[in-house]
Structure formats: C-alpha cells, structure tokens
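Top line first, the protein sequences correspond to chains A and B. Following the working numbering, the numbering of the first sequence begins with 12 at its first residue and continues without gaps. Following the working numbering, the numbering of the second sequence begins with 5 at its first residue and continues without gaps.
Think of the hints as simulated: they come from the structure by calculation, not from any bench. Among these hints, one or two may not hold up.
[Claimed, not checked] Going by beta-carbon spacing under 10 Å, a handful of chain B positions derived as facing chain A: (1) L30; (2) S31; (3) P32; (4) R39; (5) N44; (6) I55; (7) L57; (8) S65; (9) I78; (10) W83; (11) D101; (12) T112; (13) L114; (14) E115.
Cβ atoms here follow ideal geometry from the backbone N, Cα and C, with glycine treated the same way.
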Amino acid sequence: MEITDLPAHQLTKLIRSREISAEEVLDASLARIAAIDGRAGMLTGGNLEPEEIQKIHAFITPTPQRARAQAQEVDRKLASGEDPGPLAGIPFTVKDIFCVHGTPSTAGSRILANFVAPYTATPAARMEAAGGVMLGKVNLDEFTYGSSNESSAFQPSPRNPWDTGRVPGGSSGGSAAAVAAGESALSLGTDTAGSIRQPAAFCGVVGLKPTYGRVSRYGLIAFGSSLDCPGPLARTVTDAALALKVIAGPDRHDATAANVLVSDYATQLEEGVRGMRIGLSPDYFRVTYFDGESGQLHQEPISPEIESAVLSVAGYLAELGADIVEGVPMPHTRYGIPVYFVISRVEASSNLHRYDGVKYGYRTPDPVQELSEMYRKTRDQGFGLQPKLRILMGMYVSAAQYSEQYYARALRVRTLIRQDFEQAFDPLGPHRLAALLTPTTPTTAFPMGAVYGDSVLMQYADQLTVPANHAGVPGLSIPAGFDTQGLPIGAQLLGPDFSEATLLRIGRTYEIATESHDWRKLRPAILQ
Amino acid sequence: MPPEKIPQEITPELFNHLVNLAALDLSPEESEYIRRELNNQLKAIHDLEAIPLDPETPITSHGVPYSSEITPAIRPDEWLPYSHPEEIISQAPVIEDGYIVVPDIPHTELE
C-alpha cells in the first residue's frame, strides 16, 4: 500500500515512531496531487482538454509552502522529543468556505476571489495546532449552494475519482474527492443539508456531520447559520473520530459552540453494538420529489441496490448483537426539502447582504455615479446564479406580508421534524433507538451536467440528509459497498444530540465486520 | 384564522421589486432563469400547506435545544485590541489613508 493510501491513524503512528518523516508523507501527497489532480479551479477556467476530464480538480488553492513548514515543524518537534499533537504529520485539505489566515478564502465565488483571510477558522486552527499539515483549500459549490460542485465560479469543478464523468457530490465535493483519491488523509467540510454526507457517499468515504454546536462555526463563511455544521471527511471511521476529537468543543469566538464535554471518540470505537437498538424507517427508503413540468409531487422507492446495501449493513449489525427495530415512523421526512427551501434561503439572503464591494472582496471596475449603483453592479457581477436565486427566495418568503405563510410555517414544520427524532430516540418511548440507519442518498453519483440547472431536482439529492440539519442531530455516512456501475453507496447513521461516539462505534463495527470483503479492496478508477 | 391565499407565482413585477430590494441588477436571461426556478421552488414549498398544523406548535429556530447547562457563559464585555487591523482594512477594494473609499452617497444638505 502506498503512503498516501494509509489511513490517518496509521500514518500518524508511523510518523510519531519516526519510521517515516512528516516531510516524506508530504512529498508522497504532493506527488499524488501532481499525478491526478490536474488544473486547480480558476475564475477563467475555460474549456477542458480531453485529458483533463480524467483528472480530479479538487483544489482551488494548493498551499505547499505552508504544508512544508508545518511538516518540518512536526519532524523538528519529534526529533527534539516534543509532542507534535494527535494529528502529527497528517496531510489534510480544507473546504474553501473556511477562512485560513493568509490564504485566499473564496467560498467558490467571484465575489470573494481576491479575499485573503486575516484570521483562521477555529476548526482549521485546531487541525493545524494538532500537527496537521494543510495541503490547501479545496473546491465547493458557490457559497456551498449545490449538491454537485458544478456551481463553483472556479472551474474546472471537481470530478468523482471513481468515474470522472460523474460529480463528486456537494457541496464538500473537493473534500470528498481529495480524500477518496488519497490526495489528503482528512478534509474539513461543512454540512448544511447533507454537504458532508452526500459527497462522502458519492465518493466512497466517511463523512461526519456533528451535532449542531459540537464544532465551532467561527471563521466559516456563513450560509444557513442555524443549520451549518463543520465536520470531517476521512477514509476510515477511526480517522473521522480522530479528527472530530481535535475540532470539537467550546470556543470563545462562537456562542453556539455548545459547552459539552468532548469524548475520546477513538477509545470507544471497538466496543461493539451488542444490545443497541438501531432503527429502520420506511420513510427513509422512498423519496418524494417535485416534477417541475407537471407541478406534481411523485413518490418512489429508492434504488433497490441502495436499499439492499443498507439492509445488508443492518444484517451485519444484527449478527453482532444489535436489535434492529423496523417500521420506525419518521413521517415528516418528506417535508425536509420544502422546509429547507424556506429556512436556508432566509438565512442565506441575510448572510449575503454583507457582500457589497465596500469592506472586502470584489468591487465592480465599471464607472458608477453613486453608491447604490456600485452595490448593484458589484453583486450582479460577483455572485453566480445560485446565490442570486437564494437571495431572492429568502427575501420573498421572509417579506412581512408572506412570512407567516412561508417562514413561520416552515419553522413550525421544523419542530415536527425534530419531534420525529425525539420520539425515535426517546429512552422511554416505544422505539428507544440508539441510532437510525438509513441510506445517505437516493441515488449514487450522477453524471456531470445531468441535474445542474434544475435547482429543484438538485435540492432533492439532499432529501435523506437534510432532516438531521433541521433537527440538529448528528449524522455519519459510511461506505456500504458499490452498485453494479461500480459507484459507491453510502449508509447513514443518525443519532440523538451529541451521540457522535455511538454513531462512530456503530460505523466502526460495520467496518470491522466487512474489512475482508472484496469491495473494500477496490480503488477509485483514477488510481488504476 | 385561515391563511391568506398565497400567490401562485412570482410575477415579473414582483420579481423586479425583489431584485431592486436585493440590490441586484440582472440580465434578461438571468431574470428568466431565476424567476422560473423561484416559481418551481415555490410549488415545492406549497407542499407544506398539506400538513395539518396545530397553531400552538412552537417554532424551532435551532434543532438542538440550548439548555443552560450547554449554553456557553456570556463573555465579559471587554475591549480586546486586534493585533493587525491593517490586515483587515487592506482587504477593502479602495482605501486611502486607512479609510475605506466608496462612491458618492446620494444625500440632501440639511438647511
């Protein structure tokens, strides 16, 4: 196995025992990136040459010099007997929605293309302080508004390492692609409706959306402030646990970072699932989607291959002593997307008012007569279609005359979605679940261009992930095999507030149960 | 009280009003695409009207309830100087002598 394909927890042991240096690991990562990543995303991305279609294009801004200095510091500390931290020498990437001091922090948008962050987001700062080696900033949908990465202003947008004709998912698509292709062992992503879990599922990696408030949002370029959750993407459950322990916890810069003890997630990973009640809900094995042409809602079962993969996970967990509880009602699941269409747009529109060409970011070079003309031209030229769409929807549904029908109603339905979870997890209720096991996505990765442009259909890619954001509960997506096209399938575990340790433990139990399976040995097409 | 009839679509007039409020300036092509997508999204949103909703149902503004045990204590209101203010000011597109420069702000001289 090549260095770049080793999981983070093994790599850091080798580095700490000085069997390999952090700089050697960095060199291997940079060589992998040079071999398969291709051109980084640029505003003037232009057309792809045929050979570029075979590349990943995960990055917007590589930071090899920063990485070199960090790797050397880890090696220096080890040589002098100092502790370099729990992520000693681990190469990681950061979704370009986090501010990192001295790096362009673009949100995948023209309006922030020239913004160089004057400070570092707490999760990224904690990764670096723990000895992590930051390889660079990776691509995303513009302001995270998408599920495919195609909306980034920085083109080429990332491609799926298992099939470069397909999307990596989104919005943390650069993160998922980089981790799946062994460019970095870990990546920091964010999840507002599924933006860690959906690309993790599409790229065959582990993605953890922590409980809202588990990880500080300080330094995160805001989208939906009541929904946004930073979290790790990794190739193994153990690595996700390692990263969560580093980034979680209270933060004086974020009043919503909850004052809850951070567990040592890694120590409980292999304690098994005996006696755990794990639920299956029929409401997560069908999708309701809106057909723009007919104006009708359709309900369909999810892909049989995905259903059978998730039921197979349940089967392994049952063999290992879990109680599988079938028929758990989650009746408001189908309303997750329409509620999201309202709440996230209101929050996005509020958060996007700050981009005005005055304080930072892009300002129109066109001559203007007065201030409001400058605002208009700046925002028109700086924002892509998705931010404009979200601003306008947010303003409409929160306008005084409509907000009771739309915004207030959506916030009440959000209560019902939360109650579905509270009832499923209630220790005195009929189900008493430790976790709910569901598919992560209704489909596997779709072809580039197949959905982009249809903002409604694109949003429905998040149907099985978004309820956890409304409810605030944690969600873990783990690889659960492949479909007949050779595309990864993700299974999702959802649990009560701050139950990350339990979800990781269930995920690790399944990982151990299947570690000798042939599908675990498959490598992304880009590496073959 | 039954909810007021919700408009079925965002008309071009309403759309232009929203664009103006949002300080945007859209091309005809962008306007056509965005208005169509807004109306499609609104059709999906109208699915929420199918839910029988008890008027007593509270709103949820955050999923996780912030009990006093997990809510961080409010910080003392202390002034902490930022170490490199010039790094922040230098991000402004146009600056002069440490001030941010903007185009003319329409105004009326008070008598």
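Hint check:
The restraint placing B:L30 at the interface with chain A holds, with a minimum CB-CB distance near 6 Å, inside the 10 Å limit. Restraint check, B:S31 versus chain A: the minimum CB separation of about 8 Å is within 10 Å; hint holds. Violation of the interface hint for B:P32 is found here, the shortest Cβ-Cβ separation to chain A being roughly 13 Å, above the 10 Å cut-off. For B:R39, the suggested interface contact is upheld, since its CB lies about 9 Å from the closest CB of chain A, less than 10 Å.
Because the smallest distance between the Cβ of B:N44 and any Cβ of chain A comes to about 4 Å, under 10 Å, the interface hint for this residue holds. With its C-beta approaching chain A no nearer than about 6 Å, B:I55 sits inside the 10 Å limit, and its interface hint holds. Against a cut-off of 10 Å between C-beta atoms, the interface hint on B:L57 holds, since the closest Cβ of chain A lies about 6 Å away. This hint holds: B:S65 has a C-beta 6 Å from the nearest C-beta of chain A, less than the 10 Å allowed.
Because the beta carbon of B:I78 sits about 8 Å from the nearest beta carbon in chain A, less than 10 Å, this interface hint is met. Checking B:W83 against chain A: minimum C-beta separation of about 15 Å lies over 10 Å; hint violated. For B:D101, the interface hint is violated, since its Cβ never comes within 10 Å of a Cβ in chain A; the closest pair sits about 17 Å apart. Contact between B:T112 and chain A, as hinted, is not supported at the beta carbon level, the nearest pair being about 13 Å apart and thus beyond 10 Å.
Here the hint on B:L114 is broken, as its CB sits about 19 Å from the closest CB of chain A, past 10 Å. A cut of 10 Å between beta carbons decides the hint on B:E115: the least distance to chain A is about 22 Å, and the hint is violated.
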